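Number of protein chains: 2
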Amino acid sequence: MIKPRTPAGTLELLPGEQRAFNHMLEVIGRNYRRFGFQPIETPVFELTEVLLTKTGGETERQVYFVQSTGALEQGGAPELALRFDLTVPLARYVAEHEHQLAFPFRRYQIQRVYRGERAQKGRFREFYQCDIDVIGKDSLPVRYDAEIPAVIHAVFSELAIGPFTISLNNRKILRGFFEAMGISDGEHQALVLREIDKIDKRGAEAVAQTLKGEGFNLPHAAVEKILGFVLRRSSTHDSAMAILAELKAEHPQTAEGVDELAEVLTLIKALGVPENRYALNFSIARGLDYYTGTVYETTLDDYPQIGSICSGGRYENLASHYSKSKLPGVGISIGASRLFWQLREAGLITPDAQSHMVLVGLMRDEDLPEALAIARELRGAGIDCEVQLEAKKLAKQFQYADKVGFSYMVLYGESEQAKGVVSLKNLATGKQVEIARGDLLPCLSQARDWGL
Amino acid sequence: MIKPRTPAGTLELLPGEQRAFNHMLEVIGRNYRRFGFQPIETPVFELTEVLLTKTGGETERQVYFVQSTGALEQGGAPELALRFDLTVPLARYVAEHEHQLAFPFRRYQIQRVYRGERAQKGRFREFYQCDIDVIGKDSLPVRYDAEIPAVIHAVFSELAIGPFTISLNNRKILRGFFEAMGISDGEHQALVLREIDKIDKRGAEAVAQTLKGEGFNLPHAAVEKILGFVLRRSSTHDSAMAILAELKAEHPQTAEGVDELAEVLTLIKALGVPENRYALNFSIARGLDYYTGTVYETTLDDYPQIGSICSGGRYENLASHYSKSKLPGVGISIGASRLFWQLREAGLITPDAQSHMVLVGLMRDEDLPEALAIARELRGAGIDCEVQLEAKKLAKQFQYADKVGFSYMVLYGESEQAKGVVSLKNLATGKQVEIARGDLLPCLSQARDWGL
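Chains as they are written, first to last, in numbering that gives the first Met the number 0: chain A, 0 to 451; chain B, 0 to 451.
Pulled out of the complex, with its shape left as it was, chain A reads as follows:
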């Protein structure tokens, strides 16, 4: 006998939770499609030499390698490895199918990725990413950067997990500002930006201490200037535009980034995103050197400790390792497994409060044909429905319905048959009514209107 258990670092759900998780993925996918993003899926593994184009990085050390039994016996370097994000597979996909794709290429991809993370609570080795990217050929106007927040807004509005803020910045503004300050060495700038990026987590005071302290040794005045710059936040659309104008006047080196961001903000407004849902935040740098223009982070207003639930930005060239074409792009990623786990921890996930599933009970075996006929009618109308195929005590059937998470139960027994009715019970409220057999479908379709 072998002890059944899942590998560490995986998020395996019970069916009720899985329904809630699937609902999250469906909302994300539906809204991605709504904005004209096209689906793709890539294999879970890539050829090792294709996947690992760079050497050394942290991600590289977290890669899972794949070998068939035969390959394992023969020894040698593994030919395959599991994808660790959806960006490298996208780059490979676009380069491989370049001539069959229409550009700008707008794709969404919702799949699991794999990282050999140290096992700890809330850290996953297998997790879903939900990505969108728009890839231009040769060029991609900055207005594409404005569409992304509109998609983020649509997704998180429908997910209804509370108020959220999409924070925007532009790497060119950061670069211009720091160069004007004399922090122009790329590596030095990256180190400072990494600290700045921590302001929302560590607080401004702690970050200031780090920048003044050993390693950075920035003078007090410089640190004050940096903080004065990065701590500015907009509260309305107009205040955001005013801050940008101010910034451009004070620091001419930031002009290019400021102009881009102003265009993005103007279009975000035209796209109908409410102005309390987006804000400037110059402390957002995003760890990756990858991003070159607009960058995004999204946070839940009531749960700042969760951190960014959706991040991304603009990049210069997607597939330089695989193609001579210049393929600039902009995109974001939602880490759905981590988000789901965090929302569940915060009590924001209720397993399928709205399952709308119906259980047709069975009190006497002889009623099975009628129960099946009822189910057939409901299914024909698009209602998810199970029939108790074995007559059991009613208490046992209710227990089963509760454990699975049904919303309604239909009962048709001796008394119902005599009266020519069926009983319909709302399992959440406990309310039970007798209705004419012919009213069952309209009643279930409009349960709320019927006071059920």
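To be clear, the hints were calculated from the coordinates, so they are not data collected in a lab. These figures come from a predicted structure and were not determined experimentally. Fair warning: there could be bad hints in the mix.
Per label pair, the in silico range of CB-to-CB distance [said to hold, decoys possible]:
#1 B:Gly346 - A:Ser324: 28 to 36 Å
#2 B:Glu116 - A:His320: 24 to 32 Å
#3 A:Glu25 - B:Ser319: 51 to 59 Å
#4 A:Ser156 - B:Gly306: 40 to 48 Å
#5 A:Gln73 - B:Leu190: 52 to 60 Å
#6 A:Glu245 - B:Ala435: 40 to 48 Å
Straight-line alpha carbon distances no greater than 27 Å define the calculated DSSO-like cross-link-like pairs of lysine-lysine that follow [said to hold, decoys possible]:
#7 B:Lys402 - A:Lys402
#8 A:Lys418 - A:Lys402
#9 B:Lys323 - A:Lys391
#10 B:Lys325 - A:Lys395
#11 B:Lys200 - A:Lys136
#12 B:Lys211 - A:Lys402
#13 B:Lys211 - B:Lys200
#14 A:Lys325 - B:Lys395
#15 B:Lys392 - A:Lys325
#16 A:Lys395 - B:Lys395
#17 B:Lys323 - A:Lys2
#18 A:Lys323 - B:Lys402
#19 B:Lys323 - A:Lys395
#20 A:Lys268 - B:Lys391
#21 B:Lys136 - A:Lys136
#22 A:Lys392 - B:Lys325
#23 A:Lys325 - B:Lys402
#24 B:Lys391 - A:Lys323
#25 B:Lys2 - A:Lys136
#26 A:Lys325 - B:Lys211
#27 B:Lys136 - A:Lys2
#28 B:Lys197 - A:Lys391
#29 A:Lys392 - B:Lys136
In this text, a Cβ means the ideal position worked out from N, Cα and C, and glycines have one as well.
Given chain A, put chain B in place with the hints provided.
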């Protein structure tokens, strides 16, 4: 520069094909839910010792092992392996979460599985399986076997890939018949059944020759009797019931299986499956020893060469390796990747003939706010919609629309603005009309009624 390419044996699709494939998976999943099956997902990898409970089998030799960079450096046996089907993960899942599940446990699972197959056309190393199973605790009445064909019928009716037949048999009938014929040794019986299983592919005559020839050496009369038995087919519900009655009279040893199959057929009819969609076929044995009662295969009437597109059956005990509980079950699997590939080869897949996606064109940059407003309105009504964010020549925009696969294009340029209308073009028919701006949404929502 690295040549971008996918690993052999994977099915990577272009976006239009991916939409068609996703549609297939959605239809399958929706119909599974319609019958009260609950979703689960399991990790792509399992602990090796959990996954590989038996030693030796062919499947075992096709397993892919997974190792992190660290584990690979350390050497030693791989701790993880990719799932090769959804049945072993289901067994592990049910055993691991037994006390949190409601029984009979009805789950569906649509995920990819991995097998180190020899690379050849139409053979995949990564492919989707779409499984349903009902798992009982201690026992599971045979009536559950009848629900499965109703689900198969619902799925393939909605997929609309042509007429199909669900063939049914019962392993107890086969066992009873062969035991009565003196072919009672388990191994011998399995070998004969394996040949019988090939009748639909090889033809009865070829199989008869094999059974008479070296290795089997069955006498002519025995082979005739076997063929006479396994070649019987029903054409209607009544003829199926008559064949079963006849069989029971002729071969009393088949009685148990006959009674089960008769009950299953009676309920299939009560579930509303049309009688031209199911038939008895005593040559179906299913390769696996795993099945003990009802077995199913489904074939497309017009494409017999494709073989079974959906198979499964009843088994005695799901999780004997992981649990002391007796967990009998019944289930089926649809190999969606292979099915999609075969339908595409047969010309039965048209990439998203009904995409319903709308492209809002842009002739002048100044019209962008209006184009965005139109898109916002369409999206609000649930229509998938992209806006051309850059003004381009109309021919280029049509070319893009065609390549992506849009169904409609909305145009709002100088002349439309002057007249206070928008132009709506059906990209399949080429028909273009000018309509009042306010009519766009009702027109698109009911495009067919409007003669578009």
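Consistency of the hints with the structure:
1. B:Gly346 - A:Ser324: 28 to 36 Å: holds, 33 Å
2. B:Glu116 - A:His320: 24 to 32 Å: At 29 Å between Cβs, range holds.
3. A:Glu25 - B:Ser319: 51 to 59 Å: violated, 36 Å
4. A:Ser156 - B:Gly306: 40 to 48 Å: Between serine 156 (chain A) and glycine 306 (chain B), where Cβ atoms are some 47 Å apart, the hint holds.
5. A:Gln73 - B:Leu190: 52 to 60 Å: violated, 33 Å
6. A:Glu245 - B:Ala435: 40 to 48 Å: About 45 Å separates the Cβ atoms of glutamate 245 (chain A) and alanine 435 (chain B), which means 40 to 48 Å holds.
7. B:Lys402 - A:Lys402: This hinted pair is violated, its Cα atoms lying about 48 Å apart.
8. A:Lys418 - A:Lys402: violated, 30 Å
9. B:Lys323 - A:Lys391: holds, 25 Å
10. B:Lys325 - A:Lys395: Between lysine 325 (chain B) and lysine 395 (chain A) the Cα gap is close to 20 Å, so the pair holds against 27 Å.
11. B:Lys200 - A:Lys136: Violated: lysine 200 (chain B) and lysine 136 (chain A) sit about 50 Å apart, past 27 Å.
12. B:Lys211 - A:Lys402: Violated, at roughly 56 Å.
13. B:Lys211 - B:Lys200: holds, 18 Å
14. A:Lys325 - B:Lys395: Holds - the C-alpha atoms of lysine 395 (chain B) and lysine 325 (chain A) are around 20 Å apart, at most 27 Å.
15. B:Lys392 - A:Lys325: holds, 22 Å
16. A:Lys395 - B:Lys395: violated, 64 Å
17. B:Lys323 - A:Lys2: holds, 11 Å
18. A:Lys323 - B:Lys402: This hinted pair holds, its Cα atoms lying about 23 Å apart.
19. B:Lys323 - A:Lys395: With Cα atoms ~23 Å apart, lysine 323 (chain B) and lysine 395 (chain A) stay inside 27 Å; holds.
20. A:Lys268 - B:Lys391: Cα-Cα ~23 Å, so holds.
21. B:Lys136 - A:Lys136: violated, 58 Å
22. A:Lys392 - B:Lys325: It holds: about 22 Å lies between the C-alpha atoms, which stays within 27 Å.
23. A:Lys325 - B:Lys402: Since the Cα atoms of lysine 325 (chain A) and lysine 402 (chain B) sit roughly 21 Å apart, the hinted pair holds (cutoff 27 Å).
24. B:Lys391 - A:Lys323: Distance of about 25 Å is within 27 Å: holds.
25. B:Lys2 - A:Lys136: holds, 19 Å
26. A:Lys325 - B:Lys211: Violated: lysine 325 (chain A) and lysine 211 (chain B) sit about 67 Å apart, past 27 Å.
27. B:Lys136 - A:Lys2: holds, 19 Å
28. B:Lys197 - A:Lys391: violated, 43 Å
29. A:Lys392 - B:Lys136: Holds, at about 17 Å.
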